[in-house]
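Going down the list, the protein sequences come from chains A and B. The working numbering applies: residue 1 is where the first sequence begins, and numbers increase by one. The working numbering applies: residue 1 is where the second sequence begins, and numbers increase by one.
Simulated from the structure, these hints should not be mistaken for laboratory data. No experiment lies behind these values; they were computed from the predicted model shown. Be careful, since some hints might not be right.
No copy is singled out in the list; a pair is fine if it fits within one copy or between any two copies.
[Said to hold, decoys possible] Below, in silico cross-link-like pairs of lysine-lysine (DSS-like), each with a Cα-Cα straight-line distance of 27 Å or less:
{"hint": "1", "residue 1": "K206", "residue 2": "K37"}
{"hint": "2", "residue 1": "K239", "residue 2": "K37"}
{"hint": "3", "residue 1": "K37", "residue 2": "K333"}
2 protein chains.
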Amino acid sequence: MTSIINVNLPQQSYEIAIAPGILDQLGQYLADLNLGKKVLVVSNPTIFKHHGERAIASLKAAGFEVASYSLPPGERYKSLNSIQKLYDIALENRLERSSTMVALGGGVVGDMTGFAAATWLRGINVVQVPTTLLAMVDSSIGGKTGVNHPQGKNLIGAFHQPRLVLIDPEVLKTLPVREFRAGMAEVIKYGVIWDAELFSQMEASKNLNQLRYIKPELIDSILTRSCQAKADVVGKDEKEAGLRAILNYGHTIGHAVESLTNYRLITHGEGVAIGMVAAGQIAANLGLWQQEDTERQNALIQKAGLPTKLPDGVDIEAIIEALQLDKKVKAGKVRFILPTQIGVVTITDDVPSETIREVLRAM
Amino acid sequence: MTSIINVNLPQQSYEIAIAPGILDQLGQYLADLNLGKKVLVVSNPTIFKHHGERAIASLKAAGFEVASYSLPPGERYKSLNSIQKLYDIALENRLERSSTMVALGGGVVGDMTGFAAATWLRGINVVQVPTTLLAMVDSSIGGKTGVNHPQGKNLIGAFHQPRLVLIDPEVLKTLPVREFRAGMAEVIKYGVIWDAELFSQMEASKNLNQLRYIKPELIDSILTRSCQAKADVVGKDEKEAGLRAILNYGHTIGHAVESLTNYRLITHGEGVAIGMVAAGQIAANLGLWQQEDTERQNALIQKAGLPTKLPDGVDIEAIIEALQLDKKVKAGKVRFILPTQIGVVTITDDVPSETIREVLRAM
Numbered sequence: 001m002t003s004i005i006n007v008n009l010p011q012q013s014y015e016i017a018i019a020p021g022i023l024d025q026l027g028q029y030l031a032d033l034n035l036g037k038k039v040l041v042v043s044n045p046t047i048f049k050h051h052g053e054r055a056i057a058s059l060k061a062a063g064f065e066v067a068s069y070s071l072p073p074g075e076r077y078k079s080l081n082s083i084q085k086l087y088d089i090a091l092e093n094r095l096e097r098s099s100t101m102v103a104l105g106g107g108v109v110g111d112m113t114g115f116a117a118a119t120w121l122r123g124i125n126v127v128q129v130p131t132t133l134l135a136m137v138d139s140s141i142g143g144k145t146g147v148n149h150p151q152g153k154n155l156i157g158a159f160h161q162p163r164l165v166l167i168d169p170e171v172l173k174t175l176p177v178r179e180f181r182a183g184m185a186e187v188i189k190y191g192v193i194w195d196a197e198l199f200s201q202m203e204a205s206k207n208l209n210q211l212r213y214i215k216p217e218l219i220d221s222i223l224t225r226s227c228q229a230k231a232d233v234v235g236k237d238e239k240e241a242g243l244r245a246i247l248n249y250g251h252t253i254g255h256a257v258e259s260l261t262n263y264r265l266i267t268h269g270e271g272v273a274i275g276m277v278a279a280g281q282i283a284a285n286l287g288l289w290q291q292e293d294t295e296r297q298n299a300l301i302q303k304a305g306l307p308t309k310l311p312d313g314v315d316i317e318a319i320i321e322a323l324q325l326d327k328k329v330k331a332g333k334v335r336f337i338l339p340t341q342i343g344v345v346t347i348t349d350d351v352p353s354e355t356i357r358e359v360l361r362a363m
Numbered sequence: 001m002t003s004i005i006n007v008n009l010p011q012q013s014y015e016i017a018i019a020p021g022i023l024d025q026l027g028q029y030l031a032d033l034n035l036g037k038k039v040l041v042v043s044n045p046t047i048f049k050h051h052g053e054r055a056i057a058s059l060k061a062a063g064f065e066v067a068s069y070s071l072p073p074g075e076r077y078k079s080l081n082s083i084q085k086l087y088d089i090a091l092e093n094r095l096e097r098s099s100t101m102v103a104l105g106g107g108v109v110g111d112m113t114g115f116a117a118a119t120w121l122r123g124i125n126v127v128q129v130p131t132t133l134l135a136m137v138d139s140s141i142g143g144k145t146g147v148n149h150p151q152g153k154n155l156i157g158a159f160h161q162p163r164l165v166l167i168d169p170e171v172l173k174t175l176p177v178r179e180f181r182a183g184m185a186e187v188i189k190y191g192v193i194w195d196a197e198l199f200s201q202m203e204a205s206k207n208l209n210q211l212r213y214i215k216p217e218l219i220d221s222i223l224t225r226s227c228q229a230k231a232d233v234v235g236k237d238e239k240e241a242g243l244r245a246i247l248n249y250g251h252t253i254g255h256a257v258e259s260l261t262n263y264r265l266i267t268h269g270e271g272v273a274i275g276m277v278a279a280g281q282i283a284a285n286l287g288l289w290q291q292e293d294t295e296r297q298n299a300l301i302q303k304a305g306l307p308t309k310l311p312d313g314v315d316i317e318a319i320i321e322a323l324q325l326d327k328k329v330k331a332g333k334v335r336f337i338l339p340t341q342i343g344v345v346t347i348t349d350d351v352p353s354e355t356i357r358e359v360l361r362a363m
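Let the sequences and hints guide you as you build the complete structure.
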């Protein structure tokens with residue numbers, strides 16, 4: 001059975017379609033959207049090896065002219081140089097305004113393909129086919145695209161909504177366990193900020209740290225409820241003018257820690273996990289939510305095999321300094337998303353540096 | 001007296017404000033829009049020398065923190081490398097999402113600053129202060145931004161609407177005559193595609209080829225009517241889904257000729273002039289408009305001191321080949337904008353290559 005979630009936006013709405021084996025229907029979905037004949041599939045070598053043939057076969061069967069390109073893997077190639085390479089490929093294959101880039105991969109592939117599509121010929125179609133849990137529940141939905149500046153993650157980017165998001169849970173079977181856990185960080189985030197029922201379902205599960213130990217019904221719930229949460233929030237605030245900022249729960253300190261460890265030591269999800277532990281404790285110390293809820297959150301994070309401590313050697317003053325570079329800084333003030341109960345958060349730029357220091361020192 | 005023209009768009013509307021001396025009110029206009037405190041003025045060395053101080057003084061007087069940067073001049077620096085430099089400057093000056101880039105210059109400065117603003121932190125404010133006639137009546141309005149790929153003009157870009165366009169006709173006094181004429185090509189374009197009255201007013205003027213020989217009332221009419229034409233068209237079709245394509249009248253062949261002469265031999269406006277002569281004659285040969293109207297158009301182009309012949313040494317087959325690279329190609333077919341009477345055009349992708357060859361051979 002296919003779950004369809006609608007992302008409703010003023011200028012361009014689209015569907016998130018979730019079903020086991022749906023990758024084989026990619027071509028048919030594109031044909032139903034009446035997209036132009038030329039398609040460029042962008043992936044990375046590992047993912048392309050696992051799933052590239054199937055994606056391309058499906059597109060060709062539906063009558064598309066298909067070219068493909070594999071980006072070098074990893075956050076450190078998420079640069080403007082790689083985008084220039086994508087532009088060259090787009091030019092060689094004579095992509096037109098009606099053409100489509102298909103991002104087949106995780107968050108890095110999705111963000112970069114989205115940015116290239118946003119800026120080639122002032123915007124061509126992009127379809128997201130996320131292959132990691134993180135990309136499925138988060139980065140493939142909502143139109144944020146970007147690449148890193150040497151001094152900061154995703155500082156260069158654009159909003160560019162996909163025409164379709166196609167999620168095949170079966171591809172998760174080939175996902176390394178550490179990446180699965182990284183995705184679980186975002187799923188736990190939705191539980192804390194938006195969906196107390198999802199939070200409870202995960203609390204009730206004996207295991208959260210490996211796909212094969214989690215019941216299929218819970219996987220299904222994790223995917224559909226997370227995508228629905230993201231679609232709800234993005235539908236209410238496409239360009240992050242207000243509400244959408246709540247999706248950054250755990251990301252403020254998370255990004256700083258990722259950046260200070262050069263995006264190599266920890267995954268994005270691990271950064272978010274650390275950031276949620278910090279933000280939760282800040283909220284508790286400021287009296288915004290119960291210490292007990294902080295501990296429920298942290299237990300879930302641990303059950304998912306995610307870190308709750310700062311990595312060794314990260315300097316606390318360097319984190320405070322790095323927060324100033326965050327895209328969400330406004331008039332020099334760092335904006336924090338803080339929980340008030342499970343499923344509800346508030347946005348504030350009024351957190352004393354001393355409280356941040358105190359919480360980080362205890363981690 | 002200040003003329004205000006509204007550009008009405010679904011997501012973000014803005015004003016074009018036209019008045020002699022209005023550059024001194026730049027800071028006040030930004031303050032009225034409640035833009036953030038940090039402003040980066042982007043210009044080029046020549047323009048900055050003439051007008052930079054005034055712009056900065058006005059911004060500072062209104063309470064803004066101002067940084068400035070001069071791009072190296074000329075189309076050949078309209079590259080992703082220059083954009084990377086702008087990103088570095090944005091980072092050094094800690095621009096935030098509420099910050100503003102002010103593009104003080106001609107089309108190259110406006111397009112590049114617009115693109116940098118579109119893609120820094122996924123989009124910050126941009127205010128256009130055009131200093132050439134071409135930028136005033138065309139490129140500063142409508143949100144098209146872009147940089148060149150080594151193999152094609154503006155292949156990289158995004159739509160990003162300005163928050164304001166501020167036009168001070170007095171700055172035209174320092175504009176080199178060849179650049180003034182290049183702007184007149186776009187003004188004549190508006191006469192042909194949209195505003196028969198503007199066309200007649202220009203026909204009635206004894207002189208069109210130098211600012212100082214043109215009556216102030218006609219300059220006023222040229223600016224307000226051209227901006228109104230652009231605002232009308234963009235307001236009806238922001239993202240070039242249909243109608244907006246008519247603004248490309250003369251640009252299809254014009255771009256090809258510019259590209260084949262490496263953007264050095266002729267100005268953009270001269271390319272457009274040549275392209276209008278070609279498109280007009282194609283329309284006449286296809287029986288779409290009167291030969292007499294073609295000649296009226298060409299007489300206006302000549303009176304404005306613009307070329308009506310292909311530059312020496314440009315190969316006609318190379319033009320035909322280059323047309324295939326145009327952003328407006330759809331399913332391999334080149335789209336042409338062709339006049340049917342003064343003030344009215346039609347869009348067609350049904351022009352036989354033989355007709356194009358025939359017309360170009362006669363030029």
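Comparing the hints with the structure gives:
1. When the C-alpha separation of K206 and K37 is checked against a cutoff of 27 Å, the pair qualifies neither within a copy, at 48 Å, nor between copies, at 52 Å.
2. Only between protomers do K239 and K37 lie at most 27 Å apart by alpha-carbon distance; the minimum there is 21 Å, versus 30 Å within a single protomer.
3. Taking CA atoms no more than 27 Å apart as the test, K37 paired with K333 passes between copies only; the shortest distance there is 13 Å, against 48 Å inside one copy.
Checked against the numbered hints given earlier, the structure breaks only hint 1 and satisfies all the rest.
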